[in-house]
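> Put together the whole structure using the sequences plus the hints.
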Amino acid sequence: DAGITQSPRHKVTETGTPVTLRCHQTENHRYMYWYRQDPGHGLRLIHYSYGVKDTDKGEVSDGYSVSRSKTEDFLLTLESATSSQTSVYFCASRRSAATNEKLFFGSGTQLSVL
Amino acid sequence: AQSVSQHNHHVILSEAASLELGCNYSYGGTVNLFWYVQYPGQHLQLLLKYFSGDPLVKGIKGFEAEFIKSKFSFNLRKPSVQWSDTAEYFCAVSNFGNEKLTFGTGTRLTIIP
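As you go down the protein sequences, you meet chains A and B in turn.
Quick note: the first sequence uses the numbering used here, first residue 382, plus one each step.
Quick note: the second sequence uses the numbering used here, first residue 11, plus one each step.
Possibly wrong hints are sitting among the right ones.
[What the hints assert, rightly or not] Calculated cross-link-like contacts (lysine to aspartate or glutamate; reagent style EDC-like; alpha-carbon spacing at most 20 angstroms): (1) B:K79 to B:E30; (2) B:K110 to A:E460; (3) B:K71 to A:D454; (4) B:K59 to A:E482; (5) B:K71 to B:E109; (6) A:K483 to A:E408; (7) B:K59 to B:E74; (8) B:K110 to A:E482; (9) A:K434 to A:D419; (10) B:K110 to A:D419; (11) B:K79 to B:D95; (12) A:K483 to B:D64; (13) A:K392 to A:E408; (14) A:K438 to A:E408; (15) B:K68 to B:E109; (16) A:K392 to A:E460; (17) A:K483 to B:E98; (18) A:K434 to B:E109; (19) B:K110 to A:D454; (20) A:K434 to B:E30; (21) A:K451 to A:D435; (22) A:K438 to B:E109; (23) A:K434 to A:E395; (24) B:K68 to A:E408; (25) B:K59 to B:E76; (26) A:K483 to A:E460; (27) A:K483 to B:E76; (28) B:K110 to A:D443; (29) A:K451 to A:D437; (30) A:K483 to B:E25; (31) B:K59 to B:E98; (32) B:K59 to A:E453.
Simulated from the structure, these hints should not be mistaken for laboratory data.
What follows is the structure, encoded as structure tokens:
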């Protein structure tokens, strides 16, 4: 499996506080993605990146921002966390835009917003 | 926009039973299709994928899937399940030329020994 690490693995925070989740990959993959996983909704794309400083919104981007200053790092920020953002967050990456390329996933971050 | 439907939310089978999980997508054209599996406490892993050629695709651990373009379907099958197949299964679709992958809501599979 590709070397994708997410940090932290677990986080509990309070409503209204900012939170940043980090995704780090060692595969030199160009494309990186942030998904959230919720019961009954499967995985939904929050934001993705197609290169350094190049990002775009997914289907559930409201309340989230991202940054990619280096190929290996993709940060997801919740500017002001809400309870509806309690979820498991997965980072993924892939080498190219070829649509038959598989995604490699990180182990996830369990975020609880109280 | 592409959408993916997995109508079976939770499937419970006994060991050695045959398995078929449904997956339908909404948008036509050239598509790439994937099945991912998430074992308890683990991250998602690719089971198999289809992008062209033979519509019957074989993956790891004895799984296979058949792409039926006329039905917009990509159902996952396994002739004889094992307890270790207990996991959540996700179907995913990408349209040719689109970097985004759309996932279904997942099917939780529980195998009873």
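> Are the hints correct? Go through all of them and say.
To see whether the hints hold, each was checked on the structure:
| no. | hint | in the structure |
| --- | --- | --- |
| 1 | B:K79 to B:E30 | holds, 18 angstroms |
| 2 | B:K110 to A:E460 | violated, 24 angstroms |
| 3 | B:K71 to A:D454 | violated, 33 angstroms |
| 4 | B:K59 to A:E482 | holds, 9 angstroms |
| 5 | B:K71 to B:E109 | violated, 28 angstroms |
| 6 | A:K483 to A:E408 | holds, 13 angstroms |
| 7 | B:K59 to B:E74 | holds, 9 angstroms |
| 8 | B:K110 to A:E482 | holds, 11 angstroms |
| 9 | A:K434 to A:D419 | violated, 28 angstroms |
| 10 | B:K110 to A:D419 | holds, 19 angstroms |
| 11 | B:K79 to B:D95 | violated, 27 angstroms |
| 12 | A:K483 to B:D64 | holds, 18 angstroms |
| 13 | A:K392 to A:E408 | violated, 26 angstroms |
| 14 | A:K438 to A:E408 | violated, 23 angstroms |
| 15 | B:K68 to B:E109 | violated, 24 angstroms |
| 16 | A:K392 to A:E460 | holds, 15 angstroms |
| 17 | A:K483 to B:E98 | holds, 18 angstroms |
| 18 | A:K434 to B:E109 | holds, 16 angstroms |
| 19 | B:K110 to A:D454 | holds, 19 angstroms |
| 20 | A:K434 to B:E30 | violated, 42 angstroms |
| 21 | A:K451 to A:D435 | holds, 11 angstroms |
| 22 | A:K438 to B:E109 | holds, 12 angstroms |
| 23 | A:K434 to A:E395 | violated, 29 angstroms |
| 24 | B:K68 to A:E408 | violated, 26 angstroms |
| 25 | B:K59 to B:E76 | holds, 10 angstroms |
| 26 | A:K483 to A:E460 | violated, 30 angstroms |
| 27 | A:K483 to B:E76 | holds, 18 angstroms |
| 28 | B:K110 to A:D443 | holds, 17 angstroms |
| 29 | A:K451 to A:D437 | holds, 16 angstroms |
| 30 | A:K483 to B:E25 | violated, 29 angstroms |
| 31 | B:K59 to B:E98 | holds, 17 angstroms |
| 32 | B:K59 to A:E453 | violated, 26 angstroms |
Consistency with the previously given hints fails for numbers 2, 3, 5, 9, 11, 13, 14, 15, 20, 23, 24, 26, 30, 32, ordered from lowest to highest.
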